[in-house]
Each structure stands twice: as C-alpha cells, then as structure tokens.
Amino acid sequence: MAHHDHGKHGGKSYWLDRKGNVAKVFYALIAVDVLWLAADFFYKKKAEFDAWGGWADGGFGFYPVYGFVGAFLLVLAAKQMRRVLMRSEDYYERRRDGGAS
Amino acid sequence: MAEFLLSPPLLLMLGSVVLAAAPRNVLPRTVLRALLLALPVYSLWRFWGLDLGDYAQFELFGQTLTLVRIDPLSRIFVVIFHLAALIGSVYSFYVKDNFQPLVGVFYAGSALGVVLAGDLWTLFLFWEVAAVSSALLVWVRRSGRAAGAGLRYLGMQMVSGVLLLAGIVLLRHEVGAAPGWAEFRNLTGFLEDGGLGFSNLAATLIFLAFGLKAAFPLLHSWLIDAYPESTPAGAVFLSAFTTKFAIYALARAFPGQSELIWIGALMTAFPIFFAVIENDLRRVLAYSMTNQLGFMVVGIGIGTELAINGAVAHAFADILFKGLLFMAMGAVLYRVGHVNGSDLGGLYKSMPITTGLCIVGAASISAFPLFSAFATKSLIMSAAVYKEYFWLWLVLLFASAGVFHHAGIKIPFFAFFHHDSGIRCKEAPRSMIVAMVLAAAASMAIGLFPLAELWFGVANPFYELLPYPVDYAVYTKTHVITQSQLLFFSALAFATLMRTGLYPPELRSVNLDADWFYRRVGLRIWDGVATAFVALHRAGYATAGRLAATALETAQRHLGPQGFLGRSWLTASMALWVAVLLAAYLVVFYWRLG
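In order, the protein sequences belong to chains A and B. Just so we're aligned: 89 in my numbering is position 89 of the first sequence, and the numbers increase by one with no gaps anywhere. Just so we're aligned: 41 in my numbering is position 41 of the second sequence, and the numbers increase by one with no gaps anywhere.
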C-alpha cells in the first residue's frame, strides 16, 4: 500500500528547501503580527467585561498577548507532561507479565 | 409502508443491506457505487420535501413509537448526516472493496434514526445499531491493534447503551407510561428537581449515556483509542456521526443544564495539552475532536438561543472540517503507510493538492475569518460574553489559541513541511481528492455566507437551517481583528518555539490517558480477580476430590465384598433380627397406648 519512492524528485529544489527562505517566512510572520497589533490603534473596542479594568476584551493588545502567552505556556506545560505520561510505542502491546515500566 | 421504507434511516440502512447482498455479476462495481451514492442523495431530496411534523408512527406492545419527527433541531442534523454519508462514500472508493462505504452508509442511516427518533425507545434502538455498525468500521483495518481497539470501543458504546436503557426503564417506572417526546424534552426538568427520586436518577443515567458518546472528560478515551486505529475511510465515517448525534441528544434533552458549561470548558482545554505531545497525527485529530465537542457542550450548557444555534452550527461545521482533516491524514496514511509526525515531513512536494486542502481544513478548524468555524464558534463565544461568563470566556479563548496551535499548525506542518523526510509518494487517489474538495468547498461556503449576506444582502442558507432565528453579525471589525490577533500571535509563539528549539520534538511514543485505567489498572485488577478465582476453583476442586475419594473408600470398606454390610449373612441371624425388630415394635406400641 505504501509507495515509497525515495529520490524521484530528488533533483528538484524547492523554495522552502533553502534555510534563508524559512527565516524569511518567520520575519514575514513577525511583520504581519506587528500590523495586527497596530490595528488596535485605529479602532475602538467596547469592553464587555469589567474584569481587569476592562483590559480583557477592551484594552490595547490583550488578544495578541493572550494568544502568544497562552500558546507558549501550553507547549511548555505539555512538554513537562511527557515526564509523567510518555511511554514507549509498544507499551500496551507488551506481554502482561513483563509489561510494567 | 412506503413512509417507513423511504424514511431516511431505513432507506439508508435497508438500501445498503440490499446492495451488499446483491451478487457481483448482477451488479457490477460501478453500478453498485452509483446506486450507493444515489441513496443519500435521493433520501435527502425526499426529506427536503417533507414539512415539520411526525411521520412513520407505529404501535408496538401497546406503545406508539415515532420513527421520524422533524423539527428545526433534528432537520439540520439530518442534512449534514446525508452530506457526510455522501462525502465519506466518495472518499472510500480508493479501495476496490465496497465493504467500507456500505457499512458507512448503514451507520449513517442509524445515526439518522437517532436524530429523527420521536421517542426514547426508538432513540435507544438506533443508539445500539449505531454502536455495533460503527465498531465494524474500526475492525475493518484488520490489524491486531484495531481488533483490540474495536473491542474496547464496542464495550464503551455498550456501557452507554446500558445506561440509556436503565434510564428509560426507570423513567417508565416513574411516569407510569412509555417515556415519549414530552419526557425526552423534559429531562432537564427531571435532572433539576434535585430530589433522589427515580426520575432524577433516570435523567442522570441518560445524561451520562449521552455524555459518554459526547466524550465527556474521563469518558472520552474510547474516541482517542479507537478512531485512529481505523482505516483512512473508516475514520472519516466515524468522525462524523456518533459524537454529533450525542451533541444532538444533549441539545434536545438538556439545554441550559449548567453543569454542561464546565464539563464543556474542561473538554476544550485538557485535550490540547495531549494533542501537542501526541505523535500519531490522526490521534492529534481525535484530541482536537474532543476539544471541538467541548465548545458545543458549552453552547448547550449556556442554553440561550444564540448558544444552541452556535453549538448546532459548530457540530455541522466540525463534521466537514474534521472530516476534511481526517481525509487528508488518511491520504497520507494510505500513501506513506503511517501518520507519525516523527517520521513525516516535506510531503508538500509529493502531495501538493492534499497539502492545500489540508490547509483549508486547518484554517476552518482554527476559525480564521472567511472559514467555517469563524461563522459558528463565534456564536458560542458571544453567547458566553453576553451571559458574562468571564472565566469561561478566558478558557474558551485559550482553547481557541490552542486549537490553532495543534490542529491548525501542527497537523499540516509536521506532515507536509518541517524537515524533508525524504519520503516521495504519489498524490492522493482521485476519489480522495474529490471528497476533500467537496468538504473544503462546504467549509469555505459556511465561512463566506455571512460575508455575502453583509455585502450583497444574499440570505444565508446555512443560518436559515439553524433551530432558532439568527440575529447576529459575524463579520464585525472587532471580531475579525481580535480573532486574527489571537491566531497570528499564537502562530508567532509556535514559530518562536520552533526557532529556539524549545518546541518538544515529535517522538515515537504513546501517552497515557484515561484508557490507562482500564487497559492497565483495570486489566491488573481483572488479572488479580481471575487468578484468585482460578486458585479458589482449584482449591475447591481438590477438596471436593478428596471428599469424594474418602466417601468412595468408606463405601468400599463397608459395602465391598469383604465389607461389613456386603458380606453373606446366615438366614438364622436374619430371623433373629426380624424377631428383635418385632419385639421392639411391640414395646413401642404398648408404650404409646399406655
């Protein structure tokens, strides 16, 4: 069912194969993010919640900060979860008598 | 009779059985496939001509059962289930064997039976049929792992069925009649009466039965365990029906049940942590499914018209975009043989069309403006804001950033980009691409309809299908900007973590989840009980054997040829003993008279 065909397109070079271009994508993302952040200067949001002095959904830069910090901490927390939860791939397949790890 | 046979559930179920039974020489494969696709198309067309109301009622054991009850809540699920059956069937034509689409359409029929059921007994019947037919779609992978996962899956589905049955029976005991539509709709009332009466217990059992299939926390692991073990096509069918008719059942029976808010919030949050460290990309999608179901459960818990609309709309959208993502990963599985993030990468070179379609699915699930979840999840988020659930809103916002992280970025990134793994394969088969294009087009349409309404005044056919009238503006400046900010900065976090090397590498591994309790702890307990039972049995057997041997020996001693009772006796001694007996008898006789 699998159709491995290593090297068939091996000669063809793609734009993303060049390391410098990956960096370009990263910098483009930063530029786009700066633009989205700047958008907060140009319109007025109505705060629905009083919490945090109305900053939560009405203040400058709340969504960017929350999105960045939330995603960052999510990954770091998940990484720590591996210490407790990760097992080898055949954990459940191993014979019962010798299976505990 | 035609009303029964041509009702959506029976038409799909019986139709697929007839097609499966037809001999190959009578029905060539292409004709069979054409007929199979015609089933959901004709069924939906016929359904569309029906007005709201009851159809196909029948008497059974003195109770009136309703096979088809159409109301605005069931109607939208009927539409999407037909679409899912159609798309799933097209997708599954990549294999010559028609077993999967036939079972898939049958399973779709049973799911239609659940959402159209006009009473709890009919609901229960289709609830069970769906459980069994969907288990076949796990087993069809024909691997050892799939066999085990399918068995565990079926076991959990049966637990849900038993809970439901127990609830219905208790409810019948309480109300003194067959629990019909009125009871079905009033389960919230029963649950909230606060007493310890049977009706409360009944509603609790039914709540758990629905909750198990909706993948409530700790009851969710059957989904994570089984769906990724199925075939590419099997997972597409599985992802569409069971969890969504559970959402329907919750929306029908428990709207506004406040427990659902926090159950749902937990469901949106915890799976994203698992999804980040999961290596099997279809298992990542299974976690992401639990997360999306969480949004729907929250919507049902909030219970306002806007929130219920949001929950139902999101269920509709999820079937399409989650189906699309499962199809894209299924295509990778089919071509490469596995979907381990640790061993993939660079596949955009070999599968550019699949890559593009996968990105549409990723944008849809992440709720990017112009894509479907933006037009559905926003309803739930806004409903939470209007009811001023601040902490809930923060959790949902975090979960939204997390969805983009694990489903929106991780899936396409590790499969199609990242480091070039060196794997070169063919593009996905044509049937797969056609099905993915259909799902992608529908996902984009849902996202674009509100914009067409805003700009051109075109009525939004999707919102008109929702159970309540929609008075909600999706594309406001605030919505578009804040959502884009959240997502793009979440992307920046991902890119930063990748570039700094902080991002945890994809590793070949399994991560323990709630199923560990029955796959390890439960198994250990079972082993212990079984060992004890065997020991007890052996001990009992040995004791019984010893006793039997002793009894036999005693009998042998007394009754054997040399035994006291087995010997030959003199006639005289017999006469003596008879005389003694008679004398004793006389003595007793006189004593009694005296």
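Hints in this document: simulated from the structure, not taken from any laboratory. Treat the numbers as computed from the prediction; the structure is a model and nothing was measured. In this text, a Cβ means the ideal position worked out from N, Cα and C, and glycines have one as well. Certain hints may be false.
Calculated from the model, a selection of chain B residues having no Cβ within reach of chain A, i.e. all distances over 10 Å [what the hints assert, rightly or not]:
| # | residue |
| --- | --- |
| 1 | VAL129 |
| 2 | VAL276 |
| 3 | GLY356 |
| 4 | VAL385 |
| 5 | LEU438 |
| 6 | LEU448 |
| 7 | GLY457 |
| 8 | LEU486 |
| 9 | LEU487 |
| 10 | ALA493 |
| 11 | LEU497 |
| 12 | VAL510 |
| 13 | TYR541 |
| 14 | LEU552 |
| 15 | PHE589 |
Derived lysine to aspartate or glutamate pairs resembling EDC-like cross-links, with alpha carbons at most 20 Å apart [to be verified]:
| # | chain 1 | residue 1 | chain 2 | residue 2 |
| --- | --- | --- | --- | --- |
| 16 | A | LYS79 | B | GLU506 |
| 17 | B | LYS387 | A | ASP50 |
| 18 | A | LYS24 | A | ASP40 |
| 19 | A | LYS46 | B | GLU427 |
| 20 | B | LYS477 | B | GLU453 |
| 21 | A | LYS24 | B | ASP420 |
| 22 | B | LYS387 | A | GLU48 |
| 23 | A | LYS19 | B | ASP420 |
| 24 | B | LYS477 | A | GLU48 |
| 25 | B | LYS387 | B | GLU305 |
| 26 | B | LYS477 | A | ASP40 |
| 27 | A | LYS12 | B | GLU427 |
| 28 | A | LYS79 | A | GLU93 |
| 29 | A | LYS79 | B | ASP513 |
Beta-carbon label-pair distances, calculated as ranges [stated by the list, open to error]:
| # | chain 1 | residue 1 | chain 2 | residue 2 | range |
| --- | --- | --- | --- | --- | --- |
| 30 | B | VAL385 | A | PHE42 | 18 to 28 Å |
| 31 | B | ASP343 | A | VAL22 | 12 to 22 Å |
| 32 | A | SER88 | B | PHE517 | 17 to 27 Å |
| 33 | A | ASP90 | B | ALA2 | 32 to 42 Å |
| 34 | A | VAL65 | B | GLY144 | 28 to 38 Å |
| 35 | B | GLY144 | A | ARG83 | 52 to 62 Å |
| 36 | A | VAL22 | B | ALA473 | 46 to 56 Å |
Going down the list of hints, with the structure as the test:
1. With a minimum CB-CB distance of about 29 Å to chain A, VAL129(B) clears the 10 Å threshold, and the non-interface call stands.
2. Under the 10 Å C-beta cut-off, the non-interface status given to VAL276(B) relative to chain A is violated; the minimum distance is some 4 Å.
3. A cut-off of 10 Å between C-beta atoms confirms that GLY356(B) is not in contact with chain A; the least separation is 15 Å.
4. Under the 10 Å C-beta cut-off, the non-interface status given to VAL385(B) relative to chain A is violated; the minimum distance is some 5 Å.
5. The beta carbon of LEU438(B) sits about 24 Å from the closest Cβ of chain A, which is more than 10 Å, so the claim that it is off the interface holds.
6. Taking the minimum C-beta to C-beta distance to chain A, about 22 Å, the non-interface status of LEU448(B) holds against the 10 Å cut.
7. GLY457(B), annotated as away from the interface, keeps every beta carbon of chain A farther than 10 Å; the closest lies near 24 Å.
8. Chain A draws LEU486(B) into its interface by the beta-carbon criterion, the shortest separation being 4 Å against a cut-off of 10 Å.
9. Its beta-carbon lying about 7 Å from the closest one in chain A, LEU487(B) breaks the requirement of being farther than 10 Å from that chain.
10. A beta-carbon of chain A comes within 10 Å of the beta-carbon of ALA493(B); the shortest separation is about 4 Å.
11. The claim that LEU497(B) lies off the interface is violated: its Cβ sits roughly 5 Å from the closest Cβ of chain A, which falls inside the 10 Å cut-off.
12. The claim that VAL510(B) lies off the interface is violated: its Cβ sits roughly 5 Å from the closest Cβ of chain A, which falls inside the 10 Å cut-off.
13. Remark: the non-interface label on TYR541(B) is consistent with the geometry, its nearest Cβ contact in chain A lying 25 Å away (cut-off 10 Å).
14. Annotated as non-interface, LEU552(B) keeps its C-beta farther than 10 Å from every C-beta of chain A; the closest such distance is 40 Å.
15. With a least CB separation of 74 Å from chain A, PHE589(B) remains clear of the 10 Å interface cut-off, as annotated.
16. Straight-line distance between C-alpha atoms of LYS79(A) and GLU506(B) comes to about 11 Å, which keeps the hinted pair within the 20 Å bound.
17. Between LYS387(B) and ASP50(A) the CA atoms are separated by roughly 13 Å; this keeps the pair inside 20 Å, and the hint holds.
18. At roughly 25 Å between alpha-carbon atoms, LYS24(A) and ASP40(A) are farther apart than 20 Å, so this suggested pair is violated.
19. Straight-line distance between C-alpha atoms of LYS46(A) and GLU427(B) comes to about 48 Å, which puts the hinted pair past the 20 Å bound.
20. With a C-alpha separation of about 16 Å, the suggested pair LYS477(B) and GLU453(B) falls inside the 20 Å cut-off, and the hint holds.
21. With a C-alpha separation of about 18 Å, the suggested pairing of LYS24(A) with ASP420(B) holds against the 20 Å cut-off.
22. Simply put, LYS387(B) and GLU48(A) have alpha-carbon atoms about 10 Å apart, close enough for the 20 Å limit, and the pair holds.
23. For the given pair, LYS19(A) sits about 12 Å from ASP420(B) by alpha-carbon distance, which is consistent with the 20 Å threshold.
24. Among the hinted pairs, LYS477(B) with GLU48(A) is consistent with the structure: their alpha-carbon atoms are about 15 Å apart, no more than 20 Å.
25. Under the criterion of a C-alpha separation no larger than 20 Å, the hint pairing LYS387(B) with GLU305(B) is consistent with the structure, at around 12 Å.
26. Distance restraint check for LYS477(B) and ASP40(A): the Cα-Cα separation of roughly 11 Å lies within the 20 Å cut-off, and the hinted pair is therefore satisfied.
27. Of the pairs offered as hints, the one joining LYS12(A) and GLU427(B) holds, with about 17 Å between alpha carbons and a cut-off of 20 Å not exceeded.
28. About 25 Å separates the Cα atoms of LYS79(A) and GLU93(A), which puts this hinted pair outside 20 Å; it is violated.
29. For the hint pairing LYS79(A) with ASP513(B), the CA-to-CA distance comes to about 15 Å; that is within 20 Å, so the pair holds.
30. Hint check: VAL385(B) to PHE42(A), Cβ distance near 22 Å, so the stated range 18 to 28 Å holds.
31. The given range of 12 to 22 Å is respected by ASP343(B) and VAL22(A), whose C-beta atoms sit roughly 20 Å from each other.
32. A hinted range of 17 to 27 Å holds for the C-beta pair SER88(A) and PHE517(B), which are about 19 Å apart.
33. Between ASP90(A) and ALA2(B) the beta carbon distance is about 54 Å. The supplied range of 32 to 42 Å is therefore violated.
34. Between VAL65(A) and GLY144(B) the Cβ separation comes to about 48 Å, which falls outside the hinted range of 28 to 38 Å.
35. Judged by the Cβ atoms, the range 52 to 62 Å given for GLY144(B) and ARG83(A) is violated: they are separated by roughly 30 Å.
36. One distance hint, 46 to 56 Å for the beta-carbon pair VAL22(A) and ALA473(B), is violated here, with the actual separation near 39 Å.
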